[in-house]
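Note that the protein sequences, when read in sequence, are chains A and B. Just so you know, the numbering used here puts the end of the first sequence at 193, numbered straight through with nothing missing. Just so you know, the numbering used here puts the end of the second sequence at 155, numbered straight through with nothing missing.
Rather than coming from a laboratory, the hints here were simulated on the basis of the structure. Check the hints yourself; a few may be wrong.
[Said to hold, decoys possible] Chain B regions said to be covered by chain A (calculated; three or more residues, Cβ under 8 Å):
1. 13-26
2. 51-60
3. 94-108
4. 126-135
5. 144-152
We treat Cβ as the ideally placed atom computed from N, Cα and C, and that holds for glycine.
One-letter residues, chain by chain:
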Amino acid sequence: MANKKKTPALNTSSTADIAFLLLCYFLMTTTMGSQTGLSRRLPPMPDANAKVEDQKVNRRNIIVVKINSADRLLAGSEAIDVSQLKEKIKEFLSNPADDPTLPEKTLTEIEGYGQYPVSKGVISLQNDRGTSYHAYIAVQNELVKAVDELRDEFARSTYGKAFDRLTEEQQEIAKKAIPQNISEAEPKDVSKR
Amino acid sequence: MSKFGGNSKKEVPQPSSGSLSDIVFMLLFFFMVTTQMRETENKVVVKLPEASQSVKLERKDLASYINIGTPTRQYQAQYGTDARIQLNDSFKTVDDIRDFIAAERESMSEGDRQFMTTVIKADEDVRMGIITDVKQELRRCSALKIMYQARRPAN
């Protein structure tokens, strides 16, 4: 007869407090958000006992982008502003009018696409020890943007879609057609004049 | 008035707080899933540069971090205000990077080692000299995959 009595309801008002404590703990000890950045591949270190052979790159195939210690920019032979760099690089890499002073193109067989005249242009980026990091990143960003826009144009003309909307294989083809050849040159001391 | 007048004397029932804990637990799980543990304490101030073309880091577990910046205020008396390199939890020099990379490689599984990425997390006011030194050292250790950490400008 006694167990007819109702068991009293548990007081649950403190579970919220406990959960809040846990929540605060996780808020304090964790970081949020994903890391973003510019990916690069460094050239391997040349062998110390290997002979230093100057890589013969045709003068027309290379554009030298220099940043000095005052964050001024020199692309090719003229001093320009960061905002102009993208157009300059795009013109250099695409060479629409087959200008003999701009890089040559070679017909390359790309798997799944066919032949495409791939530019042989290389961007050589040089900086001074006194260059500020944000200027360097700004320049790197412009270079990436130039290549990305060219890939986007390629994607639009071939597949009629933006580069991000292509399938993975199509993106690979676009990457092969417009390679990103950025060479971060050996550090040079440009302070001595 | 007459229609509802009788009710006004009645007490308003206590709102049930039983579901409050469920809501908080939901929040808790959200944060547990979306965040990751902070591994090291920052000893240098890093304000990341902006880059609109920055891409997401693919495998966070395969990344090792090199922080470069000016020491935070509490360490300035000891280490000065010049840009310093922080590896794991302490201030190091360029020469220590070799050991650091070797240790990071050791902690990864055999198959993952080739995908190891070194993330250079540098303050935007740092001069390139120190970064060039770090890059040269990384090349010597053949840790060639690097990433300049940057943030996307808000727009």
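We went through each hint and held it up to the structure:
1. Three residues within the 8 Å Cβ limit are the bar, and the segment 13-26 of chain B against chain A gives 6, so the coverage statement holds.
2. As drawn, the segment 51-60 of chain B meets chain A at 8 residues by the rule of a beta-carbon pair under 8 Å; at three or more, the given contact holds.
3. Coverage of the segment 94-108 of chain B by chain A is violated in this model, with 0 residues showing a Cβ closer than 8 Å to a Cβ of that chain against a need of three.
4. Note: the segment 126-135 of chain B has 7 residues with beta-carbon separation from chain A under 8 Å; the three-residue rule is met and the coverage holds.
5. Figure legend: the segment 144-152 of chain B, annotated as covered by chain A; annotation consistent (9 residues with Cβ-Cβ distances under 8 Å, at least 3 required).
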